[in-house]
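I would like the entire structure built from these sequences, with the hints used as guidance.
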Amino acid sequence: MAYIDQDKIRNFCIVAHIDHGKSTLADRIIEKTGLLTSREMQAQVLDNMDLERERGITIKAQTVRIVYKAKDGEEYIFNLIDTPGHVDFNYEVSRSLAACEGAILIVDAAQGIEAQTLANCYLAIDHDLEVMPVINKIDLPSADPARVINEIEDIIGIEAEDAPQISAKMGTNIEDVLEQIVKKIPAPSGDPNKPLKALIFDSLYDAYKGVIIFCRIFDGTVKKGTKMRLVASGKEEEVVEVGTFGAGQFIPCDELSAGMVGYITASLKNVKDTRVGDTVTDANNPCEEPLEGYKKVNPMVYCGMYPADGAKYPDLRDALEKLQLNDASLQFEPETSIALGFGFRCGFLGLLHLEIIQERLEREYNLDLVTTAPGVIYQVYKTNGEMIEITNPSNLPDPSEIDHMEEPFVSAEIMVTTEFVGPIMKLCQERRGVYIGMEYIEQTRALLKYDLPLNEIIYDFFDALKSRSRGYASFDYEFKGYVPSTLVKLDILINKEEVDALSFIVHSETAYERARKMCEKLKEEIPRHLFEIPIQAAVGSKVIARETVKAMRKDVLAKCYGGDISRKRKLLEKQKEGKKRMRQIGNVEIPQKAFMSVLKLDDE
Amino acid sequence: MSKAGVYIHIPFCERKCNYCDFLSKPGTRQLQKEYVQALKKEIADKKELLSGYMIETVFIGGGTPSFLEPSDIREILRVLWENIASVDNGFCRGGGLADVKEITMEANPGTLTREKLMIYKEAGINRISMGLQSANNEELKELGRIHTYEQFLENYQVARECGFDNINIDLMSALPGQTVESYEETLRKVVALKPEHISAYSLIIEEGTPFYDKYGPKGTATNRIPSEETDRKMYHLTGKLLKEQGYHRYEISNYAREGKECEHNLFYWSGVDYIGFGLGAASLIQNVRYKNTVDMKQYLLQEDVRKVEYVLDKTMRMEEFMFLGLRKMQGVRKDTFAELFGQTVEEVYKEEIMQLKNLDLLEESKGYLRLTEQGIDVSNTVLAKFLL
Chain R
1233 MAYIDQDKIR
1243 NFCIVAHIDH
1253 GKSTLADRII
1263 EKTGLLTSRE
1273 MQAQVLDNMD
1283 LERERGITIK
1293 AQTVRIVYKA
1303 KDGEEYIFNL
1313 IDTPGHVDFN
1323 YEVSRSLAAC
1333 EGAILIVDAA
1343 QGIEAQTLAN
1353 CYLAIDHDLE
1363 VMPVINKIDL
1373 PSADPARVIN
1383 EIEDIIGIEA
1393 EDAPQISAKM
1403 GTNIEDVLEQ
1413 IVKKIPAPSG
1423 DPNKPLKALI
1433 FDSLYDAYKG
1443 VIIFCRIFDG
1453 TVKKGTKMRL
1463 VASGKEEEVV
1473 EVGTFGAGQF
1483 IPCDELSAGM
1493 VGYITASLKN
1503 VKDTRVGDTV
1513 TDANNPCEEP
1523 LEGYKKVNPM
1533 VYCGMYPADG
1543 AKYPDLRDAL
1553 EKLQLNDASL
1563 QFEPETSIAL
1573 GFGFRCGFLG
1583 LLHLEIIQER
1593 LEREYNLDLV
1603 TTAPGVIYQV
1613 YKTNGEMIEI
1623 TNPSNLPDPS
1633 EIDHMEEPFV
1643 SAEIMVTTEF
1653 VGPIMKLCQE
1663 RRGVYIGMEY
1673 IEQTRALLKY
1683 DLPLNEIIYD
1693 FFDALKSRSR
1703 GYASFDYEFK
1713 GYVPSTLVKL
1723 DILINKEEVD
1733 ALSFIVHSET
1743 AYERARKMCE
1753 KLKEEIPRHL
1763 FEIPIQAAVG
1773 SKVIARETVK
1783 AMRKDVLAKC
1793 YGGDISRKRK
1803 LLEKQKEGKK
1813 RMRQIGNVEI
1823 PQKAFMSVLK
1833 LDDE
Chain H
4 MSKAGVYIHI
14 PFCERKCNYC
24 DFLSKPGTRQ
34 LQKEYVQALK
44 KEIADKKELL
54 SGYMIETVFI
64 GGGTPSFLEP
74 SDIREILRVL
84 WENIASVDNG
94 FCRGGGLADV
104 KEITMEANPG
114 TLTREKLMIY
124 KEAGINRISM
134 GLQSANNEEL
144 KELGRIHTYE
154 QFLENYQVAR
164 ECGFDNINID
174 LMSALPGQTV
184 ESYEETLRKV
194 VALKPEHISA
204 YSLIIEEGTP
214 FYDKYGPKGT
224 ATNRIPSEET
234 DRKMYHLTGK
244 LLKEQGYHRY
254 EISNYAREGK
264 ECEHNLFYWS
274 GVDYIGFGLG
284 AASLIQNVRY
294 KNTVDMKQYL
304 LQEDVRKVEY
314 VLDKTMRMEE
324 FMFLGLRKMQ
334 GVRKDTFAEL
344 FGQTVEEVYK
354 EEIMQLKNLD
364 LLEESKGYLR
374 LTEQGIDVSN
384 TVLAKFLL
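First to last, the sequence lines map onto chains R and H.
The opening residue of the first sequence carries number 1233 in the working numbering; numbering runs sequentially from there.
The opening residue of the second sequence carries number 4 in the working numbering; numbering runs sequentially from there.
Some hints could be false.
Claimed, not checked - Which stretches of chain H does chain R cover? Using the computed rule of at least three CB atoms under 8 angstroms from a CB of chain R, they are:
{"no.": "1", "region": "270 to 279"}
{"no.": "2", "region": "282 to 293"}
{"no.": "3", "region": "317 to 329"}
Hints in this document: simulated from the structure, not taken from any laboratory.
Quick reminder that beta carbons are idealized off the backbone N, C-alpha and C, glycines included.
Okay, structure coming up:
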C-alpha cells in the first residue's frame, strides 16, 4: 500500500440528538463518495443489527473508511466513526470521540437544539474536537434554519453561519458537508516514528478472526508480526493482521501508521481483554505514557434473568456468553431464586441496554425469559464498618446489621419548552429529584438541571417525561455519585409466602404508595385459584398493603353437544397451557409477566 | 362384538337462540331435503362399520331435529335400521335391531305437534328430550327461544298421550336476570310434571353469540348475569330439590329416576364407541376420534366427510378415562384403570390426586375416585389436572 500523507486524512464522527438524522447522513456520505452505489445501499448501512434498524438507534459504534475526491483535485481519506446514540453508552461515545479530530454536529432544522445535542456537543468540545455544525431536515415544512443557526451560536457558542443546510433524507447539499470536512476538520498530527500508541474505541468478536480491535493510531506504526501490548489489561499478543474498514467488510493492509484508523487482529479470544479506551503499544518498544481517559465501565442496572423453562438454563448461559463476546459491558453471574429457580443476575449499562439484551436473547436465541424488576447498585454500610454492594434485593443484610445505605444519583439535564416546565418539575419532585437550576435557552425553551436517584429513572422516567411534555422534553444524564438515603426493602408475600423475585428496594417515603400499587397490580395479574389468595407487601415484618384474589367459585364445562369430546379436550388443554406459562409458588400459580409488574406501577 | 351408540346431527333450527354457538341455521326446505339425502347416503356407506357393533343407543340431536318434516326422521331411521341389520353377521337378518334399547330425539317445544309425535313413536323413537330451558316466559324470550312455557306444557302432555314414557327436560340456570327464586319456580313446575330425566346446565356465554356482546367479558349488560355465588346456589338447589323428588344425580348436570339414566350420554363419559352421522358429528371408533366436516357444501357432496381428529394413544386414553369418567357422580373405578392401562391410577396421577384430595376436590370411596361437591363447582380446573 502506498504511503498515505497524514494531511489527506480526516478522522471524524457525527454527533446529534436522537432522530436528528445521524445515521442517514452517514449513509449519504458513504453513498456520495462512491463506496457503495445507492442500489447496493440498504437504508442506514452502519446500523448492522436488525434491532438497531428497527429502533432507529445505533447501539454499537460503526466505522467506515471512505475515499473522497475533493474540489481541490486531491483525494482524501475519511474515517467516519459512527457513535452509539444513547446515554447508556456514553463511555463508548467518549472513546469514539477521542479517536477523532473533528465532529459533525447535526441539528434538526425544525426541532433545534435538544438535550443530547448539547450533551454530545460538549462531550466533543471536551475532547478538543473541531465541531462542525450541519443543519439537517431543511426539507421539512416546519424547518427554520435561520433560527437554528442563531441557537447554535447563542447556546453552544460556535460559528454556524456557514453551516451546510442539508436534507440527508433527500440527499440535498451533501457536497457542502464533504467539502467542509476537508476544510474545517484538522488532519491528524501523530509521529509515525515514535513508539506505537493506539486507542481501542471498539472491538468485535469474529468466529474466524477472533477479537477484532478497532483502533486509532496516534503515534508509531503497527503491522503483521508486531508484538503488541494492551496496557490496561496487560495482554500481549503478536499481530496477525491489520487493515481498514470497507462498508461492512474488513480490508487488510500492510501497516497502520500514525493518524490512521483501522483494525488489528491477534489470537485474542475474548473482548474482555480488549477494553474500550485501552492503549495498544509495541511490547518491544512501548510508549512512555498510555492514552488518557481509560476507565473500566461498570454496569449501572441489574436484573435477574431466568429461563421460563428451567431446562433451558444451559441455553441461557450459552447465549449470554455469546453476547458477552461482543459486549464487554454485559455482566452476568449465576443466581438462584426460590421462586424462579436457576438464572443469572445480569448487569447492564442502562435500561435500554437491558432491553436490547433481553430482546436479542428472545429473538436470536429463541429463549423465553422471566425478568425480574431492574434495580441499581446500592452501597450498604454495615454496623461492623464493612461496605457491601447490593445488586439483588434478596441479598440485603438484616436491618439490624445495616448502619446506613447509599444509592446512586445522576445529574440530569432536561430540555423542555417553557409551557411544560411546571409538569416536568413536578415529575422530578415526585421522583425525589434535587433541583439544581434552570436556564432559559431562548424565550420558549428552558434547560432544567436536577440531581435524580438512578433507581427513580430506570423504570419509566423517560416515558413519563415524554407524556407530560407531549413528547417535547429531551433528557440526558450522567452518573454523579452515591448519596446516603433511607431505603427499605419491600417484600411481597403471596398466600403468606415471601416471593424473593418480587422484592425490591425503595425509598422509605415512596414505599407505601409503591406497595399499594404493587399489590393492586399483582391482584390483576394473578388468576383466581380454588382458594383465596392474600397478596401482602411488607417492610420487615410490617405489612403495609394488602389485596386479595378471591377464590374461584365456579369453573364448569358447557354441555357436551353430540359427543364432541375433542372440543372439551381442547378447552382443557388451553387451560393447562395457560398454567405452563406460570410459576408455581407454594400452591399459587403466578404468571411470568407478574414479575415485571413493578415496572408498570406508574402507568395511569 | 362390542356395544356402541349412534349419533345423528340435524343442523337446522327455526331460529338460532341468543346463546347458541353450535352448528345450526334455518336452511330452506330444499337444503333440508338434500341434507337428509346426504345423511342417508352417509349411513348406508357405513353399513360395514355399523354391523360390527351391537348398537345399543341412538341419539338424534341438533339443531332442532323436530324442525324437520317428521317423515324425514322416519326415513333417516328406516335407513339406519336397514344398515344396522343388513349384513348377515351370524344372526338372523334384522337381529341387530334387537340390541337397540334407547332411541332419543331432541325436540323444541315450539315445533312439536301431535301428528309429529305420533310419527316419531311409530318410527321407533322411545325417548324424547325437550328443550324447555326455563318455565319463565320472560327468560325464554331473553334466550331467544321460539316457545312459551304454556306451549311446552301442552306438547309435554301430548307426548305422554302418544305413549312416550321416557322424557327428558332440558333446563338452564344462571340466565340473564334470573334469580334463585325464579329458578326454583322453574324447577318446581318441572318436577311436578314427573319427567323421567332432567338435564340442568349453567348458561355459558360463548364467543360469537349475541349473548357474548351483551354479557361477555366486555359486554354491555354483564351485571344481569347472576354472580358465580348465585350460580352455585342454583346448582346446589337443583341437586337438593331433585333429590327430594326422587331424582339422583348421575352426572354433573344430569338427573334421572332410577333406571332412567341416559345410556347414550353415559357412553360418552365411559369411553364406549359411538358413530356420528351428519354435519360436524363426532365419532369414537376403536380409539380414534373423528369429526365430520362442518362445511355444508362438502357434506352434501359426501366426499371426504369424516376426518381424524386424534388417534388416542395410551396417554390420551388415560387422560380421557379420567376427565370424562369423573363427570359421572360415581366417579372412576380404580381397578378398571389398572386393568385397562396396566398401571395403577396412583402411579400415573400421584401428585394430582394428592393435591386435589388435599384441596377437598376429589375423594375416594369403595374403590372409586370421584369429585366432591366443591370439585364439581370447579370441575374444569380439576379435570384439566388429568392432562398429562
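Here is what the structure says about each hint:
{"no.": "1", "hint": "270 to 279", "verdict": "holds (count 4)"}
{"no.": "2", "hint": "282 to 293", "verdict": "holds (count 6)"}
{"no.": "3", "hint": "317 to 329", "verdict": "holds (count 4)"}
Hint check: no violations occur; every hint is consistent with the structure.
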